[in-house]
Amino acid sequence: METLENLSDANLPDAPSCERNRDPILKELKPILIAPTVRNVLEVGSGTGQHAVYFAEHLPHLHWQTADRPENHAGIRAWIRHSGRTNVADPLHLDLGAVDWAAPLAGKFQAVFTANTLHIVAWSLVESFMRGAAGLLGLSGPPVGAKEPDSGTNGAGQTLNPQSRFVCIYGPFNYNGDFTSESNARFDDWLKQRDPSSGIRDFESVEALARRVGLRLRNDLAMPANNRLLVFTGSC
Numbered sequence: 001m002e003t004l005e006n007l008s009d010a011n012l013p014d015a016p017s018c019e020r021n022r023d024p025i026l027k028e029l030k031p032i033l034i035a036p037t038v039r040n041v042l043e044v045g046s047g048t049g050q051h052a053v054y055f056a057e058h059l060p061h062l063h064w065q066t067a068d069r070p071e072n073h074a075g076i077r078a079w080i081r082h083s084g085r086t087n088v089a090d091p092l093h094l095d096l097g098a099v100d101w102a103a104p105l106a107g108k109f110q111a112v113f114t115a116n117t118l119h120i121v122a123w124s125l126v127e128s129f130m131r132g133a134a135g136l137l138g139l140s141g142p143p144v145g146a147k148e149p150d151s152g153t154n155g156a157g158q159t160l161n162p163q164s165r166f167v168c169i170y171g172p173f174n175y176n177g178d179f180t181s182e183s184n185a186r187f188d189d190w191l192k193q194r195d196p197s198s199g200i201r202d203f204e205s206v207e208a209l210a211r212r213v214g215l216r217l218r219n220d221l222a223m224p225a226n227n228r229l230l231v232f233t234g235s236c
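Counting in the working numbering, the sequence shown runs from 1 upward without gaps.
FYI, nobody ran anything at the bench for these hints, they're computed from the structure.
What you are looking at is a predicted structure, and each value in this text was computed from that prediction instead of being measured.
Where a beta carbon is used, it is the ideal one built from N, C-alpha and C, also for glycine.
Among the clues, some could well be false.
As the list claims (entries may be wrong) - Computed beta-carbon distance windows for the label pairs: (1) 163 <-> 183: 32 to 38 Å; (2) 194 <-> 70: 31 to 37 Å; (3) 122 <-> 31: 31 to 37 Å; (4) 127 <-> 82: 32 to 38 Å; (5) 185 <-> 104: 36 to 42 Å; (6) 27 <-> 82: 20 to 26 Å; (7) 124 <-> 84: 37 to 43 Å; (8) 217 <-> 40: 21 to 27 Å.
Modelling step: build the complete structure from the supplied sequences, incorporating the hints.
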């Protein structure tokens, strides 16, 4: 049987939506991730790996760390090899259902990015993602299992500016309990038929959750195809 490890370049795993949305996302990420304080980015739910290699190419000062479930690792590695990029790393095994998933990553990243993730997982995993992202960036205390850093510093003892850390979330959201388009409503129906615990999330619920874990909304950016890019930093 042919595996992703042996696929030709022409048969790399392909998510057409990644090709469509990568440039609009990159346009908005650039002014944020170009900050001199940002060097290492963790992508949660890298999927095929297409976003990772594209963003790594256009943001060459960054080290882009991919992460996903094991079944997606071969495809991500295939895209990394195909791209030839040296600033994008092979995927980590990441399970949002693990209580301490973020603990080993504490202090290693200045930004977390995820695309089209929150609506395909259960709300409990959305909560886990937000807690873990804030924790590993040093914005809400250490994740479970991590050593407590000194007050006002990161794990290396360096002064931490909360507003120099970023959590960037791309995808569709509802506002005031309403869908922003008929296509989003149909998409939500399809998601719930597959998994009743999934579905397009309410912006207000996500923003309230972010505040509870020590994050503050910096930007809520309109994107093509009825999507948004939410950017959070640490609370002042």
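Against the structure, the hints come out as follows:
no., hint, verdict
1, 163 <-> 183: 32 to 38 Å, "35 Å, holds"
2, 194 <-> 70: 31 to 37 Å, "21 Å, violated"
3, 122 <-> 31: 31 to 37 Å, "33 Å, holds"
4, 127 <-> 82: 32 to 38 Å, "35 Å, holds"
5, 185 <-> 104: 36 to 42 Å, "39 Å, holds"
6, 27 <-> 82: 20 to 26 Å, "24 Å, holds"
7, 124 <-> 84: 37 to 43 Å, "39 Å, holds"
8, 217 <-> 40: 21 to 27 Å, "23 Å, holds"
The structure does not agree with numbered hint 2 stated previously, though it agrees with all others.
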